[in-house]
Every structure is written in structure tokens, then in C-alpha cells.
Amino acid sequence: MTEAPAQRATGFRRLHPLTPLLRGWKLFAAAVAIAAQQLYGDVEASWLFVGVAASIPVALAYGYLSWRFTHFRIDGEDLRLETGVLFRRSRRVRLDRLQAVDVVRPLIARALGLAELRLEVAGGSSSEAPLAYLSEPAAQALRAELLARAAGLSHDTPEAPEAVLLTVPVDRLIKSQLLTVGVIITGLVLLVVLGFAFALKEISLLGLAAPMALSLGPAVVGPIIRHFDFTVADSPDGLRLRHGLLETRAQTVPPGRVQAVRILEPLLWRSRGWCRVEVNIAGYGGEGQSQTSVLLPVAPLEEAFAMLRRVMPDVDISTVEMHGVPRSARWVDPFAWRFQAAGADERVFVARRGRLRRETDIVPHERLQSARLTQGALQRRLGLATVHLDTTPGPVRPTAAHRGANEARRLLDAEVERARLARSSAPPERWMSLPETPPPPTVAG
Amino acid sequence: MTTADLQGEPFAPADAPWVRVSPRLATLRRMLLAGIGGFVTLVAAALFAMASWWLSVVVLLAGAGLIGWGWVVVGRAVRSWGYAERADDLLVTRGILFRQLVVVPYGRMQFVDVTAGPLDRRFGLATVQLHTAAAATDAQIPGLVPAEAARLRDRLAARGEASSAGL
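Chains B and W, in that order, are what the protein sequence lines are. Heads up: the first sequence is residues 1 to 445, going by this note's numbering. Heads up: the second sequence is residues 1 to 167, going by this note's numbering.
Worth flagging that the hints you see were computed from the coordinates, not collected in a lab. The beta-carbon is built from N, C-alpha and C at its ideal position, and this holds for glycine as well. Wrong hints could be hidden among the right ones.
[As the list claims (entries may be wrong)] Across the chosen pairs, the derived CB separations fall in these ranges:
no., chain 1, residue 1, chain 2, residue 2, range
1, W, F98, B, R355, 41 to 51 Å
2, B, G51, W, R121, 51 to 61 Å
3, B, V58, W, R155, 48 to 58 Å
4, B, G182, W, R155, 27 to 37 Å
5, B, P57, W, L119, 30 to 40 Å
6, W, R121, B, A111, 54 to 64 Å
Looking at chain B on its own, in the form it has when it is part of the complex (with noise of 0.2 Å):
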């Protein structure tokens, strides 16, 4: 390592040296996979396990070389980061358009006291610059140090006290997973399936409900384990959430970068006032959106509106002046057409629908990227017509569905207009940088 002392010298850091091992074990793991499936076929046995054998030096060394190219340094405003063996890569990432930072510890490199370090930023379908991996401590330190200089503070601000605002207890998250539609009927069924089977003394019938039971198990598992011990935390640097069971998870999400918020009532959570909040962020757009996009799996509603207070503050939805669709909506949407409504005040747009499953999009109209007006040609015979706003990609796509058409259009270009006003005084991007003071709002001509 004739090339330490000079990287040193320039502030490149590297990740953490156990990093080639847990790399390297995904490969080896994949080797295993493959002779695995090569058992059945005629290939001999001895041969697969010498492949076997020879994928651990070559795992590592793959491991090795790829710790060894990469090193990452802040620089003032950015953060660098090389990597590639043969190709390399040289990239930069502006902290002040740093869209969220988490930290995730997948089960091994928990064992380990290793942690991932994920920054995410607008555009790119996966996390623009991932850090795996760091020890604990390095991934909590550089992660204050990036959110102080996205904040536009000093680099060696402490780490920002952080007040836990809630959690979601574990029963009721187990309870919430099992409250749905597709659980119960399932479970209804399979009560059937095991009576005939024990009423006609038929052991085979069993065989039916052990794949059905087994279905329901991603559905249902799968949220218990991402959310489990949800946490949420306010800090200045933003909002912090915590979840996970195997794999766990610490998000931080900066003050005004969520884009647009849904809150969903699923029929069955309706009696006990229970909804979830998922919100659209600009940087998790593409990759697993079901782990990063949910603000709360399972809450009442109050605690719901106490966090979109804190996501959007002043905002209230419950004063949102909020109008129904014309009575030909009934056509197109027979159903749920009562339950459509949109308004919006000089803060938010709102949409509301749905008749079983309520669902209410909440964005800020300085959040919007483009409004559209689309009519099919049945709603053009019923006079009607649709108001689409566009934010960052995410779960919520809000939508002003079957609306008459020229309030419509008087809908859009309001919204237009806000978006238009909002987006001018609009709060600086570093978050604890004084506002600059924001251009006056040019006049429409």
C-alpha cells in the first residue's frame, strides 16, 4: 500500500477493511446457488465442490480489489466518491440536493457492527452513491456531518438531538397485516378447506391448504419484519425513521423534501381508525418503494395528521374547502362517484376517493412538476374530465378524477397559478441557511 499516506494526505477515506468479506460472500453465495442446481444435472459432484472451492479466492480477491479502488472524501459542498477496478468511476453527489441519507444494516454486517450508508438524490432509479460499508459509529458520524452541510452548517456540528415522536407497537402492526381483505378471505376459505377435511376424514385436502397458508406468508410477513419497532424521530436535520427486524433501517428525511403525501384508510382498518402514510421523496423514487416510501405502516388518525403537520408544517387538510364531482360521474365511476372530491388552499392541493378504501393526496403547490387535463371519450359525452399533478416519482400519483370539464380546467390553471406563486417563496434548499431573499413574483402577461 505504497498509495496510503498520499490518499491520506488528500482526505480520501476508505470503507471499512471487512467490507471485501461480506462483497465477497455474495459472490461465494452465488457459486453455492449455481453448483447447487448443477447437482441434479451431469456435472460430477467433486467437480462442482473444486468450483465451489475456487470461487472463495476469487470472491475475495474480487472483494479486495474493489475495497482497494474505492475511497470517497467530502469536498466543501460535495462528496466524492471512486470506485471501479477497471472502470473507474469518479463521481460527485451536491450535498445541498441530497434528497434523504439512510442508514441500512442488512442482517451479516449487523453481526459484524457494520452499517450501509445511503444517499439519496433526485433522478437515478437506485441510490446514487451507496457507501458499504462503514463500522456503525463512522456511518452515524458521516451521516451528521453530510446532513450539517447540506444544512448549510459547519462540518463538525454535532450530530443533532433527535426527540422520539412515536412508535408503532408490534401488536398492532401484527394486527394491521392480518385486518385485510385478501387475509381474511383466505382464512375463511382454508376454515372450509380443513373442516371438509376432517369431515370426510380426507388427510389429502391438507395438502390443498398448506400452499394457500404458505401464500399468504410474503403479504403478511414481509411488512411485519420491514416495519418492526417502527419508529419516529424529529431532529433538526429532518425527520428520522427507524424499522426492521432482520434488516434495519435508519431514514432521514430533511425538512420540505417530501414531495407529496397519501393517507390511506384500507376498508378494515376503517373501525379502528387506523391508516398508513406514504409519502413521495424525490431519491427513492426507483428502488424498493415499499421499504423507503412509508411514513407510517400503521397509525390512528390523529397521529397521522400530528405527522403531516410535521412534514408540511401549517398545513391543515381538515379546513381544505373540498368539492364534489357532477352527478354524470356516476357513469364512468358508479360505485365510489360520491366519494371523489378535491380542493385546495393556499397551501395544498387535496384529493380524496375511494369508497372501501379511502385515499387522501395531499401536495404542497410548490412541489409541483407539471399538471395535466385528461379526458377519454366517455367522459367527453359526460362532460367530464381529469386534473393529473405530477410530482416526483413515489406512490402517490394525485389525481382529481371525473371532474366537470370546465371546472377542470379552472381547477388546473388555479393550481397553475399557486404552484406559480409558491415556488417563489419557496425555503432555501439548505434547510438552516438564512432564506435568501426569494425574487419577486413575476406578473403574468
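Since the structure of chain B is provided, determine the placement of chain W on it from the hints.
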């Protein structure tokens, strides 16, 4: 145009007339339609001719009818495209059966693409597409004369620069 003027025409631009795209786009699409549709019809007719000649005549007539209908539809579809540059945003409209109006504020544009395939170039056409941070934004204008496409691109870029905002 005020809101009152919009009565019955919710897809009209508010204060500027629609700029329509080049009718050469219709020519290009009609030639594609006639070429591909004609080829498929002839092959099908030839295959059916092996069974019986009148079936082959029916196929020929049906193919010609479909192409004729497509000919008319293509004309209407191309005429339905339009765009308008307003003070703060660009409006794009399109569609006959499924109509759409897109409003893209200049400050929201991330980048502008101008593309022209080999056939487009032969016909002297280009497509301008606007991209925002939202993937759903569907703002493309096909069938522009290259000079107009370049002018629009530069103008949009300049206006985007002037009024750009964060996410």
C-alpha cells in the same frame, strides 16, 4: 381568452392560440401506414388466394378500407397536436378520443431533448421532449421543423434557466 370563453372548450389555451405541428408529420405517418398496411394486406391476400380467390378479394377490400380509415384518423390525430408558449409555462395538447392537455412550468424543466429518426430527418421533422423531475410528465411535441425545434429548445432552456427552482 378568459374562463368564460372556455365554455365547452376546456382544452383551449388560455391566452395564446395553439401552434400546430407540421402537416408533413401526417404525410410521414400515412406513408408508413400505407406501406406497412399495404404489405400486410397483400401478403394476407396472397395466402388466402391459395384457398379461394373471393376470400382474397374480401381481404384486399378490408385492408384497403382499414388503410383508408387510418388515413383519415392520422390526419385528425396530427391536427390535434398543438403547443403554446405562455409567460411562465408551456402547454401541449393532443389526442382525439383520449384528449390531454399538459402544463409544464418553465421553472420545472430539468432538460429538453430534440430527437429525429432517419425517417423524420428525410421528411425534415424533429421531436422536442421536455423532462421534469416527475416521470409522469408527458410533454413531447412531434412533427416540428428542425429550425423550430432548435428555436423551441433554446427558448425553453433559456426560460427554464431564468425561473428555475429546486425540487
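### Query
So does R121(W) sit 54 to 64 Å from A111(B), Cβ to Cβ?
At roughly 59 Å between Cβ atoms, A111(B) and R121(W) fall inside 54 to 64 Å, so the hint holds.
### Query
Is 51 to 61 Å right for how far apart the beta carbons of G51(B) and R121(W) are?
For G51(B) and R121(W) the Cβ distance comes to about 52 Å; the hint holds.
### Query
Lying within 30 to 40 Å: is that true of the beta-carbon distance P57(B) to L119(W)?
Given range 30 to 40 Å: violated, Cβ gap about 54 Å.
### Task
Using the Cβ atoms, figure out if G182(B) sits within 27 to 37 Å of R155(W).
violated, 52 Å
### Query
Is it true that the C-beta distance of V58(B) to R155(W) lies inside 48 to 58 Å, as the hint says?
At roughly 55 Å between Cβ atoms, R155(W) and V58(B) fall inside 48 to 58 Å, so the hint holds.
### Message
Taking the Cβ atom of F98(W) and the Cβ atom of R355(B), is their distance within the range 41 to 51 Å?
### Response
For F98(W) and R355(B) the Cβ distance comes to about 26 Å; the hint is violated.
In summary, the numbered hints that this structure violates are 1, 4 and 5.
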